[in-house]
Each structure stands twice: as C-alpha cells, then as structure tokens.
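Colleague: Since the structure of chain A is already known, use the hints to place chain B on it.
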Amino acid sequence: MGLGSDMYRQQILDHYKNPRNYGEMEDPDITHVGENPSCGDTIRMDIRLADDGETIEAVAFTGDGCAISMAAASMLSERLAGMTIEELQELDTDDVTEMLGVDISPMRVKCAVLGRQVAQDGVKIERGEIDVDRTKTED
Amino acid sequence: MELQEGYAFDVESVRADFPILNRRVGGDVTTPGEGPEDDTPLVYLDNAATTHTPDPVVDAIADYYRGYNANVHRGIHQLSQEASVAYEEAHDRVAEFIGAEGREEIVFTKNTTEAENLVAQAWGLRELGPEDSVVLTEMEHHSSLVTWQQVGKRTGADVRYITVQEDGTLDMDHAAECIDDSTAMVSAVHVSNALGTINPVRELADLAHDHDAYLFVDGAQSVPTRPVDVAELGADFLAFSAHKMCGPTGIGALYGREELLDAMEPFLYGGDMIRRVTYEETTWEDLPWKFEAGTPSIAQGIAFAAAVDYVDDVGMEHIRTHEDLLAAYAHDRLSEFDDVTVYGPPGDRRGGLVSFNVDGVHAHDLSSILNDHGVAVRAGDHCTQPLHDKLGVPATARASFYIYNTVEEVDALVEAIDEARQLFA
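So the sequence lines, in the order shown, correspond to chains A and B.
Just so you know, we're using full-length UniProt numbering here: the first sequence kicks off at 1 and counts up by one.
Just so you know, we're using full-length UniProt numbering here: the second sequence kicks off at 1 and counts up by one.
For the record, the hints were derived by calculation from the structure and aren't laboratory data.
Just so you know, even glycine gets a beta-carbon here, dropped at the ideal spot from N, CA and C.
Each hint should be verified, as a subset may be incorrect.
Label pairs and their calculated CB-CB ranges [to be verified]:
1. Tyr22/A <-> Thr249/B: 37 to 45 angstroms
2. Arg24/B <-> Val132/A: 36 to 44 angstroms
3. Lys153/B <-> Arg134/A: 17 to 25 angstroms
4. Gly101/A <-> Glu336/B: 30 to 38 angstroms
5. Ala231/B <-> Pro106/A: 41 to 49 angstroms
6. Arg134/A <-> Ala425/B: 26 to 34 angstroms
7. Asp64/A <-> Thr283/B: 54 to 62 angstroms
8. Val132/A <-> Glu281/B: 46 to 54 angstroms
9. Glu54/A <-> Ala425/B: 37 to 45 angstroms
10. Thr30/B <-> Glu54/A: 37 to 45 angstroms
Facing chain A, from chain B, some residues (calculated, C-beta under 8 angstroms) [said to hold, decoys possible]:
11. Val29
12. His362
13. Asp365
14. Gly380
15. Asp381
16. Ala395
17. Phe424
In isolation and in its complexed conformation, chain A is listed as follows:
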C-alpha cells in the first residue's frame, strides 16, 4: 500500500472528527486566516499570549477543509500552548509531519502545513514584519 494508506490513521481521523480548541477566541492577540484556493481549505488561527508577551497561552482555530489540514491544525492548537512565539517560528515541515505521526504524500504537504503557516504569518503580521492578506501554502 502507498504512502497515503497510513495517512488516515486513527489519530488523524479522531482529530478531524473531533477537532480540539475549535472555535473563535474573544480578543485574541494574534489572528490570521489562510486559504488554499485549489483545495478550498480555509483555516483561521487565534492566539492569546501570556502577560510576558512571548508565551502562547491558548490557541483556537476554525476552518473547513480536508482531514489532513484540519487534523494538523487541531494537533497544532494543542501543541502550541506553552510554547513561545519564537519556538512557533522555528516549526518546520518535518515538525508538522512528526506531530501528525504519518508520512504525508508530497501533494498533500501543503494541506498539513497550512495551519502552522497561518500561525507563523499571524505573528509576523502582528510584528509588522510581513504584509499578507491571506496565507496560502500551495503553488
């Protein structure tokens, strides 16, 4: 069986069917939206920071899309709590696939990393480092 056969392990299906931290946050410190037009995957990430302005206190997300993008965003929302925004910036694609615990076929990597990219871009926009309306991770 191919790479994809492992892509839909129980953990991913569980997060897809029962997403964690799903919803919009009131008064988030950071909020940003991403969309991959060809998939139709849309994710909004809301982040609240602790008083130190560095530590991520809570994350919420909403969105619509495939199981890979939604499960990755759900897992990320759990993972990010307690991390600093610097540590968030350092998360790369390998970290995301490790978190998912499965091999992601090359065509689907864009789905897996959308939530992470939205969170990272949200921080950068808040800091005035970049100016993007909507993040996308597909070509």
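Modeller: Here is chain B on its own, set in the frame of chain A:
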C-alpha cells in the same frame, strides 16, 4: 454486467496496446516509473485529464525520431521532405476526422487552451468593442472562461454566462436571452469536463447564427469520445487536444472555417508563417501555416494523426457506446450510497465521466484513499472554479472513462469509495 452487447470492439485487445495499464502503483512517487514497492494494480480513471498512449502512437513518435527527424518546410534534403509530408498530411487526417474541408481549416496548436487563446487574440482583441457581447456558459473550462473574460476587460465587450440549471443542463431559455444582436461570439463547451453534461451545441449554433455571431466549440472532452462533425454541429471554430484521445501532449488543433481563418491576422510571428519579408513589410504564408509560427511540434503532430487512426479504427460510435455504458453503470452504483452526491445530468445527456462527493469526506482525502487502492481519479475544481462556487463545494472527485476501462474497474472504484465512507463514518 456485460459490455460487449451492441458494439463490436474487444476491450481486452485494446488494453493490450497500452502497456502502462499493467503498471502497479503504491510506492515512492519521487522516482518515475514502477519500482519494487509498487504492488497495487493501477485502475486508471483520470481520462478526462489525459488518456494513455497506445503502442502504435508511441511507435509513430519513435519512428520519426529514429527514421526521419528533420525540420519541416525549409529543407530540400530528403529527411526534411519526409518530415514535411508527414506533418502536413497529419493536418489532412485531423481535418477529415472532424469533417473539415481540408488542411486549410486545421491549425495545430499546443492544446485546446492555446486554440482558445489564438481566436481570442487574433480575432477577439481586434474585432470586439464595448458595443459587443461574448456569451459563454457557466460550465466553461477556465481555458475559455478566463480567456474571454480577459478579452472582455481589454475590449469592453460584455461577457455573459448562460445559466447552468440544478440538473446540470443549460437553461436554453436563458441562452436565447443572452444571445442577441450585440453578440459576436458564443463560446461553449460541448461536453463538460466537470459535470459530464452534453450541451446542445447545434441549438447554440442556430441561436448564434440567427444573430450573426460565431460559435466556438470547446471539444476537449467531446472529440475524443464521440463522432464530431463540424458541419453537423454548426461550429465556426472547434478546439481539441491530442492527449485526451490517445495522442501525445503538446499538440492540439483549432478548426476554423476557412474564410474566418483567412480573414484573421496571425497570432504569433516568426519563421514558417511568412511568405516574403523585407525590412519594412511581411506577407503571410497560406493557411494553416500562417498560424504556426516557428518550428512546430513535428513528432507530436505526426503522432496526432496516428492517434486519430487508432481511435477511428476502434470506431467513434463504439467508443461513445462504451463510455455511455461505463458512465451509466458508475452512476447507478454510486447512487446506491445515500451519502454520495453525483453531480450533473441523468444518463442520456451525460458523457463518460462522473463527478461526485462523499458526505463528510473532502475530495482530496477521498482521492488519496482511492489512490491507496490503485484507483486514479481527479479531485479538485477541474478548472471550473466559478461552477464549483455555484455548486457550493470547493472540490469534487471525478472518475472519467476511456476505451480501455472495464466494468471491473468501476467495481474497484466503488469498493474503494465504500472503504473511504466507512473510514470516515
């Protein structure tokens, strides 16, 4: 289900001409070709995107490169003459296939998209103005939709869209409203690559001609799958691609009525398309060469004719029957599931493809799971984003059939879909 009844070709002997159908899949995708980890038989149901290439067509390409590779039209030497004759005669063969008068009416292009752009640029940008309208359907492929939309922006011409109804067919009353005396061009897809709808092209031609407008037919999905005759359709222009009918990529055709092509200015300038050049002026070569600037896709053009020979030998009526039976069977089997939505019209107004969604399963997840079973389908918007917006779904999965597909392959598709349903239930 027995497919052979009512028509005469043997699917198994057709399959023998396509070695790729014996491939196994499932391994590493970063290395092209079958590898040791590939262990799942391929079920290829992505024919609306591209079809496979039978041995006689591969041979036509190899024969050219091995036996008479040369540039066309400007060599006196023998190889160039052989290549020129074969390349020019390929135009005759394609012309005959769709009922055109001759090679003057067949321009080889890169693909259907380039054919659309050729007419949009060579005719649309020159002839259209704010007083004109161009009428499309809501189910146009981006190749037509984006092209005419942009021509509209540049010329001021009004771009109108004929409504697609709930059942996936065109609202012909609305068509009669859209097409009026301001209309200069009607551009319509013959068989929808997203819905499978077979559009009433002849009626659109009559409406267009009643108002002195031209009809451009996107034949990308129709010419490969059924008999198409430009005179019967009433098409002023027709575009199609070789790679969707057993030919190679990189070659397609624009049919245009000779008097229309003759009146049009060139689309690309350069070698091969000129007759006489001075520092000040240039006169154009005869049709169709006026529109084929630069060294053309010679091997592909010759192989295009070989592909036409191949599908003609199988028989276009037989191909249509085969496709209809497979699509109807797939439609019936998928309709057994309450949570599967099948898009497009009922059987008798549908070509050989089925687009669908499973409730709660994104089309890309579905496509990934089908891929695990060796089943190749397309998932996405199929280059019809506005239509998908209208359907209210970001993506659909699409199974599309061709001459080598079997009932057993449709069963494999349905089994894999059933597994996806259970996985996500």
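Colleague: Which numbered conditions among the earlier hints are violated in the structure presented, ordered from lowest to highest?
Modeller: Violated: none.
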